[in-house]
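Using the hints provided, position chain B relative to the given structure of chain A.
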Amino acid sequence: MELLQTTHAAIALLLAGDEALWGIIWISVKVCFLALMLAAPPAVLMGFALGNYKFPGRRVLIVLIQTLLALPTVVIGLLLYMLLSRQGPFGGMHLLFTQEAMIVGQAVLAFPILAALTLSAVQGADRRAVETARTLGAGRLRETVTMLLEVRFAVMAAMISGFGRVISEIGCAMMVGGNIAGVTRNITTAIALETSKGEFVQGIALGIVLVLIALAINFGLALMQGRGEQR
Amino acid sequence: MSMPGNQVPLLAVRGLKKHFDQRLILNVDRLALERGQSYLITGSNGAGKTTLLRVLAGLEPAEIDSLAYEGVSVDTGDVVRQLAPRVIYLHQQPYLFNTSVAANIMFGLKANGVPRHLHKTLLEEALAWAGVQHVAHVSPHKLSGGERQRVALARAKVLNPAILLLDEPTANLDEDARQQVNHLIRQMCDNNHCVVIATHDPELIALPSAVVLRLHHAMLTGG
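Chains as they are written, first to last, in the numbering used here: chain A, 35 to 265; chain B, 863 to 1085.
In short, the hints are calculated from the structure, not lab data. Where is the CB? At the ideal position from N, CA and C, for every residue including glycine. Incorrect hints may appear among the rest.
[Said to hold, decoys possible] List of simulated lysine to aspartate or glutamate pairs, DMTMM-like, C-alpha gap at most 20 angstroms:
#1 B/Lys-1004 <-> B/Asp-1038
#2 A/Lys-88 <-> B/Asp-940
#3 B/Lys-972 <-> A/Glu-36
#4 B/Lys-879 <-> B/Glu-922
#5 A/Lys-231 <-> A/Glu-36
#6 B/Lys-1004 <-> A/Glu-134
#7 A/Lys-88 <-> B/Asp-927
#8 B/Lys-982 <-> B/Asp-1038
#9 A/Lys-64 <-> A/Glu-134
#10 A/Lys-88 <-> A/Asp-160
#11 B/Lys-879 <-> B/Asp-937
#12 A/Lys-64 <-> A/Asp-52
#13 B/Lys-972 <-> A/Glu-165
#14 B/Lys-879 <-> B/Glu-925
#15 B/Lys-1004 <-> B/Asp-1036
[As the list claims (entries may be wrong)] A few chain A positions that, by computed beta-carbon distances, are all more than 12 angstroms from chain B:
#16 Ile-59
#17 Arg-120
#18 Ser-202
Chain A extracted, bound-state conformation (with noise of 0.2 angstroms):
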């Protein structure tokens, strides 16, 4: 009983337009979104260049991208941590606790999951596409665009699961965000505090938004692949 009040109670919070749960919410999503521009250019040519060309440690890059998937994102946080904090090698840039950090590390966390699904993508496609390019005349850069361009709704794909891992991430906003209100709190930062304190309205809230980012991120996954399933 007591959780549908609470729950009624946050869907009017929502609702009500409340100031500070939009901007923990703003903050989320622009931090994601800017840390996924930041990790896509690299992280697409990796993964095209891991799927096209043969070359000396190939495969042990392959195996790193792997296994960066797998890492906790705790661990990442804790990594950059010790770099930007005060006596680590980048202390001097003053970014610990602050947005760029969080993006900075969201985009560790997403590049492996782009270059990855990107590597898919580009082994998966159509060998004809890149012959035809080639027979037609095609340079190496314009048969690279061309590549990209045919597996697109895949790479589309990929940003909208990278999407999904840096939004729903805790381990590394906590740490190198430092929850701080109104700059660095985020939708999970927040409901983890909140919780703690014994408050759930505001926690329900902002999983409500997680579910319904979701949900929206998973209707595009679908949309991306009947596109791409149509050749």
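Showing chain B alone in chain A's frame:
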């Protein structure tokens, strides 16, 4: 196979060998393709017809003693970059880029630096030639098999290739589509292109003037 008079062949290959694992798939001592001549490469399924066309297009590596285009030696390590788009290969089921029919036909024009002001005219000519104006802005996945084959032919023809390598172009097509595709291929042959067609059944390709080469036990005979 013949080299009449002193005319330099368009493409001359000597000592072509291709192995898959230990098995010798192709063992072609000498092959010369002449301008304006069409060739039918026949042979049973698995005889290596597709592989031969792919090797000639530079899409498949092979051991080649010498390869010359119009008498000029070609580096056998990077054939496709040197010969494309003068030599164009069409897959049995052509791949159309996931854009539009018009964008597919324009692909080669852009890739080869054809001046932009010519694109529109060349596109319209190619669409009309292949009879696919009505699907110019349609996504390729909505086309029938015959339409796909015609769009792929138009996409190649717009680049005016000297040699067109066609892999079973009329297989899996119904009678009407086959006739349309055959008509386009005949036009390419009449226009002084060198068309090389791999087919398991020469009856499907109505080209009475074509030189018929038979691929059997990795060797090419006839001509």
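| said: Of the numbered hints stated earlier in the document, which are not met by this structure? | reply: Checked against the structure, the hints that fail are numbers 3, 6, 7, 8, while the rest are satisfied.
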